[in-house]
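Line by line, the protein sequences are chains A and B. At position 144 of the first sequence (counting the first as 1) the number is 144 in the numbering used here, and the numbers step up by one without a gap. Every number in the numbering used here is 169 more than the matching position in the second sequence, counting from 1.
Keep in mind the hints are simulated off the structure, nothing from the lab. No experiment lies behind these values; they were computed from the predicted model shown. Glycine included, C-beta positions come from ideal geometry on N, C-alpha and C. Check before you lean on any hint, since a few could be wrong.
Stated by the list, open to error - Straight-line C-alpha distance at most 25 Å; calculated DMTMM-like pairs for lysine to aspartate or glutamate:
#1 K259(B) <-> E79(A)
#2 K258(B) <-> E79(A)
#3 K258(B) <-> E243(B)
Claimed, not checked - Covered stretches of chain B, going by a simulated chain A footprint (3 or more residues, C-beta under 8 Å):
#4 173–183
#5 202–208
#6 224–236
#7 240–250
What the hints assert, rightly or not - Derived CB-CB ranges, DEER-like:
#8 A180(B) <-> I158(A): 26 to 32 Å
#9 T145(A) <-> D265(B): 41 to 47 Å
#10 N26(A) <-> L269(B): 26 to 32 Å
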Amino acid sequence: MGNPIVFGLLAVIAIGSAVGMLTSRNAVYSALFLVLNFATIGVFYIVLNAPFIAMVQITVYAGAIMVLFLFVIMLLGAEQLRGVNSEHWFHLGLSILLAGLLIVAFFIVLVMEGSTTSAAPMIDTSPTALGLRLFEGYNLPFLVTGVLLLSATIGVVIFGFSRKRGENV
Amino acid sequence: MSEVTIEWYIALSVVLFTIGSLGVLLRRNAIIIFMSVEMMLNSANLAFVSFARYLGNLDGQVLVFFVITVAAAEVAVGLALIVAIFRTKKSISIDDLNLLKG
Chain A
1 MGNPIVFGLL AVIAIGSAVG MLTSRNAVYS ALFLVLNFAT IGVFYIVLNA
51 PFIAMVQITV YAGAIMVLFL FVIMLLGAEQ LRGVNSEHWF HLGLSILLAG
101 LLIVAFFIVL VMEGSTTSAA PMIDTSPTAL GLRLFEGYNL PFLVTGVLLL
151 SATIGVVIFG FSRKRGENV
Chain B
170 MSEVTIEWYI ALSVVLFTIG SLGVLLRRNA IIIFMSVEMM LNSANLAFVS
220 FARYLGNLDG QVLVFFVITV AAAEVAVGLA LIVAIFRTKK SISIDDLNLL
270 KG
């Protein structure tokens, strides 16, 4: 499942960009770090024999969704919050402690339960095979996804209308 | 150590998920909280794809499609909500959103 050197390099980039997103004071820098993180995960998908998912990751996530984020950040002028930098050291310490415990627990499970069997052989992951699997085994979820997207669109349009009439949302 | 196994990918996914949850807990900018949620969804996607590669079937990759679709809908609705909140409260800090507090 890939070369250890490539994995280490990509993992360092992914974790570093995630920490950069977490610690940036400016929301625009956070969004750009997140674009780097998404692109790195797209490269992981290529390593994991999922080229079509990688393409979707780059175009939908790093392209469409992050452009939407950057657009809203710059539309609102909300790069930095004003006057709310009261530090809650108790929250900070507790959050980091709980996150550390989560990571330690997962790694204990991995070490105890981990198997080192090698991966299955490569299979056909072309868009044709993916589409066949999608429409053969997941027909109803596909339709439900369409309803979800329609309802989301209607919801966003209704938000726009109520703003135009000057109501409180 | 000559071969990358499934555990390495799951470990990376766990670390990214934890960083995302720290972002949700620690930051006060609502947009950055949304971005952290996106990163948590992405770490779950990474676990899905690595399990699909490990087990040699396509179901994990199909599920990633559904996750990406739900994430796109969630971002559209969430950012519309943030814009609407900003219009009324002139702020997107979650400390200012205390209208429902008793």
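Here's how the hints hold up against the structure:
1. Distance check on the hinted pair: K259(B) and E79(A) sit about 13 Å apart at the alpha-carbon level, within 25 Å; holds.
2. For the proposed pair K258(B) and E79(A), the alpha carbon gap of about 16 Å is at most 25 Å, so the pair holds.
3. Distance check on the hinted pair: K258(B) and E243(B) sit about 22 Å apart at the alpha-carbon level, within 25 Å; holds.
4. Coverage of the region 173–183 of chain B by chain A holds. Counting CB-CB distances below 8 Å, 10 residues qualify, and the rule asks for three or more.
5. Given as covered by chain A, the region 202–208 of chain B passes the check, having 5 residues with a CB less than 8 Å from a CB of that chain where 3 are the minimum.
6. Counting residues of the region 224–236 of chain B whose C-beta lies closer than 8 Å to any C-beta of chain A gives 10; at least three are required, and the coverage claim holds.
7. Figure legend: the region 240–250 of chain B, annotated as covered by chain A; annotation consistent (10 residues with Cβ-Cβ distances under 8 Å, at least 3 required).
8. Under the hint 26 to 32 Å, the C-beta atoms of A180(B) and I158(A), about 43 Å apart, miss the expected range.
9. Between T145(A) and D265(B) the beta carbons are some 35 Å apart, a value that contradicts the proposed interval 41 to 47 Å.
10. As the Cβ distance of N26(A) to L269(B) is approximately 30 Å, the hint placing it in 26 to 32 Å holds.
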